[in-house]
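Enquirer: Given next are the chains, with one letter for each unit.
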Amino acid sequence: MFRVDLHPTHVCDCGKFRLRMGQPLPFGATIVPGGVNFSVYSHAATSCKLVLFNKHEKKPFCVIPFKDEFRIGNVFTMIVFDLDFENLEYGFHMDGPFDEKEGHRFDKTKILMDPYSKSIGGRDVWGETPDWDDLYQHRSRIVFDDFDWENDHPLETPVEDLIFYEMHVRGFSKHSSSGIKHPGTFAGIKEKIDYLKELGVNCVELMPIHEFDEFENSRISPATGKMLMNYWGYSNVGFFAPKAGLAATGKFGMQVDECKTLIRELHKNGIEVILDVVFNHTAEGNEKGPYISYRGIDNKTYYLLTPEGYYFNFSGCGNTLNCNNPIVRSMILDCLRYWASDYHVDGFRFDLATILGRDQNGAPMSSPPLLETLAFDPILGKCKLIAEAWDAGGLYQVGSFPSWGRWAEWNGKYRDDLRKFLKGEPGMVGPMSQRLQGSPDMYRWEDRGACASVNFITAHDGFTLYDMVSYNQKNNEANGENNNDGGNDNYSWNCGVEGETDDPEINRLRLKQMKNAAAMLLVSQGTPMILAGDEVANTQGGNNNAYCQDNEISWIDWSRFEKNKDIFNFFCKMIAYRKAHPVLRSRTHFLNKDYKGSGYADITWHGVEAWNADWSPETRTLAFMLCGMHAKGGTCDDNSIYVAMNMHWDAHSFKIPELPDYMSWFLFVNTDAKSPNDICAPGKEKKNKNQSEFLVGPRSVVILTGKDNK
Amino acid sequence: MDIKTRTKDGSTIIEIIGSLDGNTVNEAQEIILPLISSSNVSMVLDMKECGYVSSAGLRLLLMAAKQLSVQNGVLVLSGLSDEIQDVMEMTGFNNFFKTFDSVDSALDALRKGV
Chain A
7 MFRVDLHPTH VCDCGKFRLR MGQPLPFGAT IVPGGVNFSV YSHAATSCKL VLFNKHEKKP
67 FCVIPFKDEF RIGNVFTMIV FDLDFENLEY GFHMDGPFDE KEGHRFDKTK ILMDPYSKSI
127 GGRDVWGETP DWDDLYQHRS RIVFDDFDWE NDHPLETPVE DLIFYEMHVR GFSKHSSSGI
187 KHPGTFAGIK EKIDYLKELG VNCVELMPIH EFDEFENSRI SPATGKMLMN YWGYSNVGFF
247 APKAGLAATG KFGMQVDECK TLIRELHKNG IEVILDVVFN HTAEGNEKGP YISYRGIDNK
307 TYYLLTPEGY YFNFSGCGNT LNCNNPIVRS MILDCLRYWA SDYHVDGFRF DLATILGRDQ
367 NGAPMSSPPL LETLAFDPIL GKCKLIAEAW DAGGLYQVGS FPSWGRWAEW NGKYRDDLRK
427 FLKGEPGMVG PMSQRLQGSP DMYRWEDRGA CASVNFITAH DGFTLYDMVS YNQKNNEANG
487 ENNNDGGNDN YSWNCGVEGE TDDPEINRLR LKQMKNAAAM LLVSQGTPMI LAGDEVANTQ
547 GGNNNAYCQD NEISWIDWSR FEKNKDIFNF FCKMIAYRKA HPVLRSRTHF LNKDYKGSGY
607 ADITWHGVEA WNADWSPETR TLAFMLCGMH AKGGTCDDNS IYVAMNMHWD AHSFKIPELP
667 DYMSWFLFVN TDAKSPNDIC APGKEKKNKN QSEFLVGPRS VVILTGKDNK
Chain B
894 MDIKTRTKDG STIIEIIGSL DGNTVNEAQE IILPLISSSN VSMVLDMKEC GYVSSAGLRL
954 LLMAAKQLSV QNGVLVLSGL SDEIQDVMEM TGFNNFFKTF DSVDSALDAL RKGV
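Note that the protein sequences, when read in sequence, are chains A and B. Residue numbers for the first sequence follow our numbering, so the first one is 7 and each next one is one higher. Residue numbers for the second sequence follow our numbering, so the first one is 894 and each next one is one higher.
Be careful, since some hints might not be right.
With a straight-line cut-off of 27 Å between C-alpha atoms, the simulated DSS-like cross-links for lysine-lysine are [stated by the list, open to error]:
| id | chain 1 | residue 1 | chain 2 | residue 2 |
| --- | --- | --- | --- | --- |
| 1 | B | 959 | A | 274 |
| 2 | B | 897 | A | 198 |
| 3 | A | 661 | A | 713 |
| 4 | B | 991 | A | 257 |
Facing chain B, from chain A, some residues (calculated, C-beta under 7 Å) [stated by the list, open to error]:
| id | residue |
| --- | --- |
| 5 | 92 |
| 6 | 150 |
| 7 | 151 |
| 8 | 254 |
| 9 | 255 |
Just so you know, the hints here were simulated from the structure itself, not pulled from any lab data. Where a beta carbon is used, it is the ideal one built from N, C-alpha and C, also for glycine.
Let's have the full structure, built from the sequences with the hints guiding it.
Expert: Structure below.
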């Protein structure tokens, strides 16, 4: 059927393209019958022109002003007919005042990227040196929004059943040892799906995949002579476009299909996808930064500005996105809805999320409208929302991030307390009892449940697991900042020698400490997160801030898989154990009582003496027992589990709580034992000879399964 | 781009010569879609002389295959370059097609009922 409102009414000045007034919504470029609908918002622009290029060409083939009658409110909109949109790149010229004090920075000579670009050209192949003479560096493109999902649907796995795996798309498989066809790309992850399944993780958390500029602040490291790049990508160019350089097909402009294919295939294999999203700032930097899009389209709308018109810098990256401005709020919502509905993404982790709760003057709000909107949005209704609950402006909200029962947090306190306990610091048994239970001290007050806590020991920020047990000090010289960058509060311990060593005793202890950490992480209530590569003891040579290292420092070295099968095996079996035992995956916090009549409370605390945990500061031993009848709030039956943790440098004998006559304790993990006796396949545990006592070696973890005698 | 069609063993063979991209896809569509208007058609797209298929081109192939399948027909591809095959795999289009090295092996398979 023909629509009467899709006929051209005008012709552009060059006579080549027919035009008509467009639809203001949706923003961005949308394919319509016979043409493309362009729509862009600017509150303060006095005029706007559409600039059209053939792909990769420096000079536009046509510049079409938006006629006055094509503006509705503060939106410029127009349909252009007869475009070969597959070969098209477009941008805008915006005219308006330049008045820094008023916050306006219009410059009509600049070509500006559409903030709603679904695909962005200019950095099509990762690391390929751009043409710096090109006036239009990041170029809006038009995408086909059809994709055959083959009945795919976001998996909606209950959050308590997830095991997050944080990875960098490029770093995961770029190393020459990865042995795949398309290293460092979305397609490369697809080739490694079997590996992820073998490991057992069921949710990948991808570090930023929105278009960013790997050449932002690129420079040569004075220490190594190597090129430093914006490798991590926590600096958005665009919010709606997947990064072309992370796709093997980016050179053909097919990154959208490649990214969607990866998500579809991960879903087919039961693996969810969470995106790390960066809404706290953009790649435009401060006053001295480039015009990419936002500052030339409506500086005052998009950025938090000081009364003098300078950029607030709560992100530590030059500017701060004005998240609680209604226009920016809508853009963020549009963006997340787009990724949830068009890409079937299962959730989001928000980088420096605390900024999302600052008002337009930068002050923290008690009920930030953006966070509330996201918590209640119908399209995001089943998406996981995870906050990094701090920002570079000094606001730390771990445990107090506004949640409406929807938001989880990266629990930085979990990481710090577990590390301190692991290295044998005193005074840690009390805090550890909280961390192991899903941090009720932090999250129970608002009834947020155990899964408000995303538990992790390592993440992209900081040491890898291997480095955490091998370095006391960070080793960031290669970053070219005199080792001043990166955190100093690492709570790491090198086990006796700094860095690599041939000493077999130290290497044995390091391996055991990694296993201790993995064991404690995977028996903790809350949702665990593993940093990709930790399962093969990946190292960054002590670099705890590898954001600029697009090289072997941060790429996972897959040859370590062969060398470290022991730790890989340990991770696999611990993950399988967590999956096999719902008692480890409670959605709610424990009640510390027996409400099932089993004779045991849901959780009970022990020490070297059963039923009598020693909470004094010098104690480094702690044990707990989970009653299987109370699994998942008493809704399902499971075995009971007893975990003894001895972080003291001497062995200690632990008295084990007695089970009913029909049950016995079976040994699942003893990190003090050498492989293959350190861990067994879940369900294949051997019955303990001594049912009342267990000698737990120095700095060791023991896990027992309590089940029926058979 | 040029398109040649012929019939062999009851199958329609469509040879695509040149690039199948935004410039040529409409023309290709006008030739291919009428050929699938009747039921039980089996079709071989011979891509031996096709050096490049863009996103729009892949969408045309997929649309043709889907339209054929609802009419109990089948569309197979033959002679794809390694690069095109690779792109199809990375972008998920390969899931929807059977591919063969040559037109003859495609016809052979169609005879046996793929």
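Enquirer: A separate judgement is required for each hint: does it hold in the structure or not?
Expert: Comparing the hints with the structure gives:
1. B:959 with A:274: holds (21 Å)
2. B:897 with A:198: It is violated: about 41 Å lies between the C-alpha atoms, which goes past 27 Å.
3. A:661 with A:713: holds (18 Å)
4. B:991 with A:257: holds (26 Å)
5. 92: With a closest approach of 3 Å, the residue 92 (chain A) hint holds.
6. 150: Holds, about 6 Å.
7. 151: violated (11 Å)
8. 254: holds (6 Å)
9. 255: holds (5 Å)
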